[in-house]
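Just so you know, the protein sequences line up as chains H and V, in that order. In case it helps, this note's numbering puts the first sequence at residues 1 to 199. In case it helps, this note's numbering puts the second sequence at residues 1001 to 1422.
One or more hints might be untrue.
[Said to hold, decoys possible] Subject to a maximum C-alpha distance of 27 Å in a straight line, what follows is the list of computed DSSO-like cross-link-like pairs (lysine-lysine):
no.	chain 1	residue 1	chain 2	residue 2
1	H	LYS86	V	LYS1169
2	H	LYS94	V	LYS1381
3	H	LYS94	V	LYS1264
4	H	LYS199	V	LYS1097
5	V	LYS1169	V	LYS1097
6	H	LYS102	V	LYS1214
7	V	LYS1169	V	LYS1212
8	H	LYS199	V	LYS1053
9	V	LYS1223	H	LYS94
10	H	LYS94	V	LYS1097
11	H	LYS186	H	LYS168
12	H	LYS86	V	LYS1388
13	V	LYS1159	H	LYS86
14	H	LYS75	V	LYS1388
15	V	LYS1384	H	LYS102
16	H	LYS86	V	LYS1223
17	H	LYS102	V	LYS1223
Think of the hints as simulated: they come from the structure by calculation, not from any bench. Predicted model, so just to flag it, every value in this text is computed and none were measured.
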Amino acid sequence: MKYWKQVALGAAAVVATAAIPAVHAAEVSYAQVLANTCAGCHGPDGSSRGPSAPTIAGMSPEIFIDAMRDYRDGKRYGTVMQRIAKGYTDEQIKLMAEYFAKQPFQRFPQNHVAKLAETGAKLHERYCEKCHENGGKASAEAGVLAGQWIPYLRFQIEDYQSGAREYKEKNMQKRLTELLEKEGEKGLEALYHFYASQK
Amino acid sequence: MFRMHRRTFLQAVGSSAAASLVGAPSLVLGAAKKVVIVGGGTGGATTAQYLRKYDPSIEVTLIEPNHHYYTCYFSNLVVGGLRQLDSLKHSYDGLAKRGVKVVHDTVTAIDGAAKQVITAGGQKFAFDRCIVAPGIDLNYEGIEGYSQALEKDIPHAWKAGEQTAILAKQLQEMKDGGTVVMVAPPNPYRCPPGPYERACLIANYLKQHKPKSKLIILDPKDKFSKQGLFTAAWKKHYSGILEWLGPEMAGTKFSVDAKSKTVKCAGGEFKADVLNLIPPQRAGAIAKAANLTDDKGWCPVNPHTFESTLVPGVHVIGDAAIAGAMPKSAYAANSQGKVCAMAVVMLLNGKNPVDPAYTNTCYSFVTADQAVSVAAIYELKEGKIVEKTSGLTPGDASEAVLRREAEYAESWYRNTVTDIFG
């Protein structure tokens, strides 16, 4: 009796496994179709292989939507992104945002100087951690910085400073100004190396 | 106490099997759906990758004669001495890891009625759907006196690999004070900005290494891709080195005397030390052999699924396909491969394809560290692929912006080849 019970459950499990693709036949969603057009520049499933285009996987949907709207409305500078964002409706942007939010942010090895990264870790704690939580890995409140590509981070800071990208949070401007006053460009460089060092 | 009789157990198994029969009979009967892809370039490899990603139960066979693929994109950097050819070389190992069966052979026939592909090696492959991505063939005869037999001495370098290396080597071996002549192709052809990016990078090489030399471009077209941006770059960086002669000056018919490397046209005779002839183009030969081409040599398709309008069950993507407003570019082939993979997966699962989404983003280097770009989004409208938005690098962009574009171009390359080859 016991024997039969085991065989029956085992066999049922095998059948159930085999039946999964049959019951849920493969389907491609429109969100996937839209999101996969981004892969050529942002990497498969939004994780960029570098050396400069940003990873967009694991972004909070709100931040993604804000970024696309700002590009579209000319409020944020981007080389090709202003032109690309104009091609999508709000609904399409929302579908892409939700898709990328579900993808894991894959971190790839990036050249960095360990000593600078150590300094950067401390500066991050002091100036950035309050919003870019968990060493810059959290995505709920702000953009993911840990593992982001250095040239992209550098371009963004340049754009904040020149006004090509507007500050979403007053506090960001305050902290960046403070950092530059106290630590100078070297401080920024250390932060970049810290984010590049994270795995 | 739990009791299960043998009969009850069989009933349980039976009902599960019955349920799965309703969903997908082929799975239960052990016959996976078969897709055969002809051609392992950008379009073919992308489709293979995404078919397996979207539906791992599909058996995907990719047939490609070469063991490696050299990308045409970024090959002008090799011509200009700024990059190694090996950095453009990609293997099919990534596709094999995804479960794609990669066969190195040449397809000689595609039988749409019998749903079968036949190779030069005598192999036969049955398919439920076939995807043909043969790229382009060169119509050497389009330039009188030119032929495939001459391409090692007079390279076209319009398919990357050995051809790229030959042109780069000839430039390196040319004496200072020499003349490079390029004949640009008529529309339509692979990579619309390609000849003009090449012109920039050859001129850049001459400026750096052989400043007494000249580059003459003979062009049968008076308009070309990113024209304003290229001509501005030529004026700014290569004045006195590069000369472009359009149809008003050069005419539209070219002939070549191979021995003296002299091009003859309405504009006169141009004797070259290094000659680069880019002939007119048409869809890869197998497309014609399989009756997939129209009278102009390209393949008409349903733009939603890329299924041939001439042979049902056979899809054509990439440079060979007539894809409305989309150019014959790598990003377009990659984008079409994904749309085609989606459509084929949906059709093989008995569903309607969802709406398509098509994109093109293309960078051209104008100097060693500056690039310009075009980005466009397309949509399906009344059965045609039309441009929804399109934009170029602004004409007044600073050099800092162009350097930023060059950095993003490098990222474009890495991400694109990872998306395609794994």
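Verification of the supplied hints:
{"no.": "1", "hint": "LYS86(H) - LYS1169(V)", "result": "violated, 43 Å"}
{"no.": "2", "hint": "LYS94(H) - LYS1381(V)", "result": "holds, 22 Å"}
{"no.": "3", "hint": "LYS94(H) - LYS1264(V)", "result": "violated, 57 Å"}
{"no.": "4", "hint": "LYS199(H) - LYS1097(V)", "result": "holds, 25 Å"}
{"no.": "5", "hint": "LYS1169(V) - LYS1097(V)", "result": "violated, 36 Å"}
{"no.": "6", "hint": "LYS102(H) - LYS1214(V)", "result": "violated, 54 Å"}
{"no.": "7", "hint": "LYS1169(V) - LYS1212(V)", "result": "holds, 18 Å"}
{"no.": "8", "hint": "LYS199(H) - LYS1053(V)", "result": "holds, 26 Å"}
{"no.": "9", "hint": "LYS1223(V) - LYS94(H)", "result": "violated, 38 Å"}
{"no.": "10", "hint": "LYS94(H) - LYS1097(V)", "result": "violated, 33 Å"}
{"no.": "11", "hint": "LYS186(H) - LYS168(H)", "result": "holds, 24 Å"}
{"no.": "12", "hint": "LYS86(H) - LYS1388(V)", "result": "holds, 9 Å"}
{"no.": "13", "hint": "LYS1159(V) - LYS86(H)", "result": "violated, 34 Å"}
{"no.": "14", "hint": "LYS75(H) - LYS1388(V)", "result": "holds, 21 Å"}
{"no.": "15", "hint": "LYS1384(V) - LYS102(H)", "result": "violated, 33 Å"}
{"no.": "16", "hint": "LYS86(H) - LYS1223(V)", "result": "holds, 26 Å"}
{"no.": "17", "hint": "LYS102(H) - LYS1223(V)", "result": "violated, 44 Å"}
Hint violations for this structure: numbers 1, 3, 5, 6, 9, 10, 13, 15, 17, all remaining hints satisfied.
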